[in-house]
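Undergrad: Residue strings, one per chain:
Number of protein chains: 2
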Amino acid sequence: MSILVVGSVAYDTVETPFGRAERVLGGSASFFAVAASFFSPVRLVGVVGKDFGEEQLAAFRGRPIDLEGLERMEGKTFHWQGRYSLDLNSRDTICTDLNVFEFFKPKIPARYRRSEVVFLGNIDPVLQRQVLEQVDEPRVVACDTMNFWIHGKPAELKETLKRVQILLVNDTEARELSGEWNLVKAARAIRAMGPRTLVVKKGEHGVLLFGDEGIFAAPAYPLERVFDPTGAGDTFAGGFLGYLAGVGDHSDANLRRAVVMGSALASFCVEAFSLDRLLRLSRPEIDERYRRFQELTRFDSL
Amino acid sequence: MSILVVGSVAYDTVETPFGRAERVLGGSASFFAVAASFFSPVRLVGVVGKDFGEEQLAAFRGRPIDLEGLERMEGKTFHWQGRYSLDLNSRDTICTDLNVFEFFKPKIPARYRRSEVVFLGNIDPVLQRQVLEQVDEPRVVACDTMNFWIHGKPAELKETLKRVQILLVNDTEARELSGEWNLVKAARAIRAMGPRTLVVKKGEHGVLLFGDEGIFAAPAYPLERVFDPTGAGDTFAGGFLGYLAGVGDHSDANLRRAVVMGSALASFCVEAFSLDRLLRLSRPEIDERYRRFQELTRFDSL
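Line by line, the protein sequences are chains A and B. Residue numbering for the first sequence follows the working numbering, beginning at 3 and increasing consecutively. Residue numbering for the second sequence follows the working numbering, beginning at 3 and increasing consecutively.
You may find that some hints are simply not true.
Same chains, same names: a pair is fine if it fits in one copy or spans any two.
In silico lysine to aspartate or glutamate, DMTMM-like type, Cα no more than 20 Å apart, as pairs [stated by the list, open to error]: (1) Lys204 <-> Asp173; (2) Lys187 <-> Glu273; (3) Lys78 <-> Glu161; (4) Lys155 <-> Asp302; (5) Lys155 <-> Glu76; (6) Lys52 <-> Asp302; (7) Lys187 <-> Glu226; (8) Lys155 <-> Glu56; (9) Lys204 <-> Asp251; (10) Lys187 <-> Asp89; (11) Lys204 <-> Glu226; (12) Lys187 <-> Glu215; (13) Lys160 <-> Glu104; (14) Lys187 <-> Glu24; (15) Lys155 <-> Glu182; (16) Lys204 <-> Asp89; (17) Lys155 <-> Glu226; (18) Lys160 <-> Glu290; (19) Lys52 <-> Asp254; (20) Lys187 <-> Asp173; (21) Lys107 <-> Asp278; (22) Lys109 <-> Asp89; (23) Lys204 <-> Glu17; (24) Lys187 <-> Glu17; (25) Lys107 <-> Glu297; (26) Lys187 <-> Glu57.
Calculated from the structure, these hints are not laboratory results.
The following block holds chain A by itself, in its conformation from the complex (with noise of 0.2 Å):
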């Protein structure tokens, strides 16, 4: 099946303890679109400007991934800025210019009416519904949110939740969509809003998945060297989702090999600034790190 994402193409300068990345490409679908492609095809639907090149677009050549949805549009690309504590769980944002992503309505070209699975990335709700009115009733509508839309636009974001099966959002924003702080009772109410089936995010606490059949718990990797923490949550959402769409349904069993392969991805993701891991990882290293997980996790019967 096909994936569409509709989110952030984007410049990221970063600064970690080990080092900094000067305008590398980043942008939460740049990471879900290269994550998701080694699983099933993507189509990108998205913004950039002028100043965004045949260089940048190298990272998503030679993959499933269709461009036709990514317009170029006069000014510049969306550039953040950010720096990391040096324990790497905290960052502070030093700029964020929206520039082209300012004025971003997505437009979904007619090939990409039909499309299996969307992933409506983390934009303004309103957009997001926009978004689903352009295709056909996907079988598949999973969606990323955050705080400023949480507390922005709660009534359209509730809206658009009513149409979304899988909601991913990290455990600090379960517990403000909610105003539960409890993760099981936050899943709950969040469930009762539209999505059937919950991922919270954890960071380096893993992740848990709620859905029909009960509640699945997986760790992340535990890493030697975390080098750079962004995008590691689109790359969890571009593996689960793109492995999902590649399986081509979404039982219980698929859901929670989904989650392993997310939290896989990312765990290749944090080992480099930018998509730099993700472009230079290969399917086999994918299923090792998946084994691994197993080994992580398995235990006997008494």
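Please arrange chain B on chain A, whose structure you already have, making use of the hints.
TA: For chain B alone, coordinates are given in the frame of chain A:
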């Protein structure tokens, strides 16, 4: 195999958002002993005051917990008072009255000399070593500690750790003991100090086990209602070490089972004040929760 546990037996006064418990049974050795006693005989070494009577001892009666080593001293029993935050994720200590615990010098009864498994609760590392000097070489020495000793008696603690096979600490303590933020690096540094097996407790985020055969990650059981977290770590340790002593060897497979068993016990502990839930817990309930951990974490091969 018998487990010898040395630690505190105390009165706790606890305030949570859900209520208040006044001078109820607490202390690391109390939680540990009751949890471990589901799996193997326990020998308790600690000290209480004259205000600790048959009513309090009732918690230990009818279980395979030997109380010959529980000294009764002139004075009052150790009393801790704490108040939890609304989210239960932090707590303030309101008072710590050490009372007779201030003068605690562990005296190991002759009958306890041949304990195959020894658990050194969170006490002065000098006292921990004095315990080891009073027993024949045990098969397994496990140990807990805290920031107070990590910073206050680092050299003494390191002497003790040379004689320890299993160290159980929380993630903050692992970081402070090793001076490494990254837990994989922290584990390597700590394992070089002596303990071949390191168990890192991460509260609601579960447990990491570092051993000769790699890393094992277990989640915490997702509870809808955490009533009182007091004693969860000690209960984990009791379930973990009790299970290991019960099966009699600490192979990698058994260490993993023991982590899950400890997590299962801890998930019951937090459902009520003090040892209340543990005292009305049955072995079938424990085994049922173990199976739920399997359900929570299982995923299939690709």
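Undergrad: Hints first: check each against the structure and report whether it holds.
TA: Hints versus structure:
1. Lys204 <-> Asp173: For Lys204 and Asp173, the Cα distance is within 20 Å both inside one copy (6 Å) and across copies (16 Å).
2. Lys187 <-> Glu273: For Lys187 and Glu273, the Cα distance is within 20 Å only across copies (16 Å; inside one copy 34 Å).
3. Lys78 <-> Glu161: neither (32 Å within a copy, 61 Å between copies)
4. Lys155 <-> Asp302: Neither, since 47 Å and 39 Å both go past 20 Å.
5. Lys155 <-> Glu76: For Lys155 and Glu76, neither the intra-copy (28 Å) nor the inter-copy (65 Å) Cα distance is at most 20 Å.
6. Lys52 <-> Asp302: neither (57 Å within a copy, 46 Å between copies)
7. Lys187 <-> Glu226: Between copies only: 6 Å across chains, 33 Å inside a chain, cut-off 20 Å.
8. Lys155 <-> Glu56: The answer is neither: 36 Å in one copy and 60 Å across copies each exceed 20 Å.
9. Lys204 <-> Asp251: neither (25 Å within a copy, 34 Å between copies)
10. Lys187 <-> Asp89: This pair counts as between: shortest inter-copy Cα distance 13 Å, intra-copy 30 Å.
11. Lys204 <-> Glu226: both (18 Å within a copy, 18 Å between copies)
12. Lys187 <-> Glu215: within (16 Å within a copy, 37 Å between copies)
13. Lys160 <-> Glu104: neither (22 Å within a copy, 57 Å between copies)
14. Lys187 <-> Glu24: neither (42 Å within a copy, 29 Å between copies)
15. Lys155 <-> Glu182: Within one copy only: 19 Å inside, 41 Å across.
16. Lys204 <-> Asp89: both (16 Å within a copy, 17 Å between copies)
17. Lys155 <-> Glu226: neither (39 Å within a copy, 28 Å between copies)
18. Lys160 <-> Glu290: neither (39 Å within a copy, 38 Å between copies)
19. Lys52 <-> Asp254: neither (44 Å within a copy, 57 Å between copies)
20. Lys187 <-> Asp173: within (12 Å within a copy, 26 Å between copies)
21. Lys107 <-> Asp278: For Lys107 and Asp278, the Cα distance exceeds 20 Å both inside one copy (29 Å) and across copies (58 Å).
22. Lys109 <-> Asp89: Answer is neither: 40 Å inside a copy and 43 Å across each miss the 20 Å cutoff.
23. Lys204 <-> Glu17: neither (22 Å within a copy, 28 Å between copies)
24. Lys187 <-> Glu17: Answer is neither; intra-copy 37 Å and inter-copy 22 Å both fail.
25. Lys107 <-> Glu297: neither (45 Å within a copy, 43 Å between copies)
26. Lys187 <-> Glu57: neither (47 Å within a copy, 37 Å between copies)
Going down the numbered hints, you'll see the structure goes against 3, 4, 5, 6, 8, 9, 13, 14, 17, 18, 19, 21, 22, 23, 24, 25, 26, while the others check out.
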